[in-house]
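All chains should be modelled from the sequences, with the hints used to inform the complete structure.
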Amino acid sequence: MMHFAIYLPVAGNSENIFILLGLGIAVGLLSGLFGVGGGFLLTPLLIMIGIPPTVAAASDSNQIVAASTSGTFAHARSGTVDFKMGLLLLAGGIVGGTVGVRLIQLLRASGDANFVITVTYVVMLGSIGVYMFYDSVRALRSKGEKISSGKPVKRPSIYARLVNSLPWEIEFQRSGIRLSILMPLLLGAIVGVLSAIMGVGGGFIMVPVMLYLLRMPMHVVVGTSLFQILFTCANVTVMQSWMNHTVDIVLALILLIGSVLGAQMGTHIGKRLKADQLKILMSVLVLAVMVKMLVDLLGTPEIMLSLKGGH
Amino acid sequence: MRKSVSTLFLLLLLLLSPAFKAKAQNRPGKLALQSDHLSIGLFYGGQDIQLKAVIPAGSDAVVRVTGPDEPLEFKKKEKKMDLIWMNEGEVLYKKVPSLFLIHSSRNLGQLAAAATLENLRIGYEALRARVISDSGATAGALFGDVVKLKEKDGLFCCNQEEISIVPQSGGDREVFCSFRLPAKTPVGEYTVDVFGFSGGKGLLLASGKVTLDRGPTISFITSMAAEHGLLYGCLAVGVALVAGLFTGFIFGLGKGGAH
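Residue numbers (the numbering used here), protein chains in the order written: chain A, 1 to 311; chain B, 312 to 570.
Don't read these hints as lab results, they were simulated from the structure.
Hints are supplied without guarantee of correctness; some may be wrong.
[As the list claims (entries may be wrong)] Capping the alpha-carbon separation at 25 angstroms, the derived lysine-lysine pairs in BS3-like fashion look like this: (1) B/K386 to A/K292; (2) B/K387 to B/K341; (3) B/K495 to B/K463; (4) B/K390 to A/K292; (5) A/K292 to B/K406.
Values in this document were obtained by computation on a predicted structure and should not be read as measured data.
In C-alpha cells:
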C-alpha cells in the first residue's frame, strides 16, 4: 500500500499527498512571482504522475482559481492590481475565447486541430521566451550606462504612434499609463483566441502582452494578470465540471492548499526582485517548457499509444 | 456384525470430525483469499492480497487474476510532416480485461506449449490472440504498446514474483501468492484462478472472487461529479475562492494596507 496515499475519486487513482502538495506549492510560487496561472506547467506534470489528462486540465483550473485569488488579494493589498485594465482585458478575452472555441471546432472538422495546436504552443512559447530573455538581458546590461546630455530624442516607434492615434483614451492610474480602451479589448480578444486554441488560462501570453504591448510596469502586470486569470479559470472549472464531469475536487483541494501558500511566497519574493530579474526568470521558465515540448515532439516516443480523452 | 457396525460408526465419526474437514480443505481445489471484499476510501492506495491454495505433488502453479472485458480506444502517435510525433488516428480494442495479473512459479514457456497456454488464456500471447481478434491489423501491431501502458499502471503483469510453493507432508504442495490490486483498478468483481501444471498439461484447480467497490465518501463525491456537475463545479470554485481569500487574509494580518 502506498504510504501517505490519497484517493482521487474522479481521476480513479491515488497519489502521494506530499507530491501533490509540493506540485501545488511550486505552481503557486510561479503564480505569485510571474502572474501566470501555471496550467501550462501543472497539467503536463499531473499527467506525468498518472492523472488522466482531461482530469488534470480541469482540476488544475480549479486550483488556479485559489492561487490567483490568493495572489490577487496579496497584490491588491500592495496596490499593484489595475482592476480597470483587468476587466477590459477580461471582456476582450471572453469574446476571443468564444471565437477560439469555434475555430477549434472548424479545425477539428478539417482534421488539422492537433497539428495547429501543437505548432501554436511551440511557436508562442519560443517567441515569448526568446523575446523576454533578450529584452531583459539587454535592459540589465544597459542599466549601468550613463545618459549623456545632448543625446537626440528618440522618435516614437510605428507601434507607439499607432497606439497613440486610437480614440477613447482613458487613464489607468495603477499602471500609470494613458491608453485607448480598444487596446486592452483587442489584445484581450487575441489572447482569448490563443488561450482557447492552446487550452490554457493565458497568463504566460497575457504577461508579455501587458509588458510589451500595453507598456504596463512589471509589478502591476503580475497582479492584474492574476485578477484576469481568476475569472477565466473559474469559468473553465464550472464548464468542465458541468459538461465533462472531469473536476476532481479532492485533487483540486490538495493542489490549492499548496498553491495558495506558494502564491503568497511568490508574491513576497517577487517584491524583492527587480522587474528585469523577474522577466529573465520567467523567460527561462517559458523556454524550458518549450524545449521539453520540442524534445517530446521530435523524439521517438517509447509508447505509440495514449488513452483517448487526452489533453 | 457388531464389529462392522462399530467400524462404520468410527468412519462416520472421522468423516464428520473438524480435523478431517481441515485436512479436506488442504486438498487440491481449495483456495483461501486474505480478503474477498475491498472498499475504496479516501486513503486507499491499492491493496496487496495474499492467497493460499493447494496443488498436486510435483506440479507448478499459475495464479491468474482477471477483470471484466471493456472496450478501449487509444490515440495513435504518427510522424507528421516527417518531423514531429503527434496523436493522429485512433485504435479501438473491443475487449481488453480491466485487470490481468499472472504470477507463475516458473517461466510460462517451460510449463506448457503456447497452444495449451492459449486455451487456458494464460500469458500475454494468449491475451493478444483474444484481444485483437476483431480489432484489425493495426490493433495487432500495437498490442505490445497496450501491454506497456497497462503495465505502467500496474493493471497488467506477467512474472514469477510474489509466488512460492511449499511441499506438504502428504505430498501435495501449498501455493502462497501475493498479488496487488493497484489504485487504478476500476470497481467491479475480479476472478482469481489457480492452475496446476505438470508434464506440459495445465488444469484449473481453484477459483475465487474479489469484489472492489467505493466506500460512502468516494461514492458520494463521484456521484456528485457525475450527476450534479453544475452544482459540483460551483462548489469547487466557491471552495477555491474561500481558500484563496482566507490565505490572503491570514498572510496579510499585521501588515499595512495598500500603499
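The hints, checked one at a time:
{"no.": "1", "hint": "B/K386 to A/K292", "result": "holds, 21 angstroms"}
{"no.": "2", "hint": "B/K387 to B/K341", "result": "violated, 44 angstroms"}
{"no.": "3", "hint": "B/K495 to B/K463", "result": "holds, 11 angstroms"}
{"no.": "4", "hint": "B/K390 to A/K292", "result": "holds, 18 angstroms"}
{"no.": "5", "hint": "A/K292 to B/K406", "result": "violated, 35 angstroms"}
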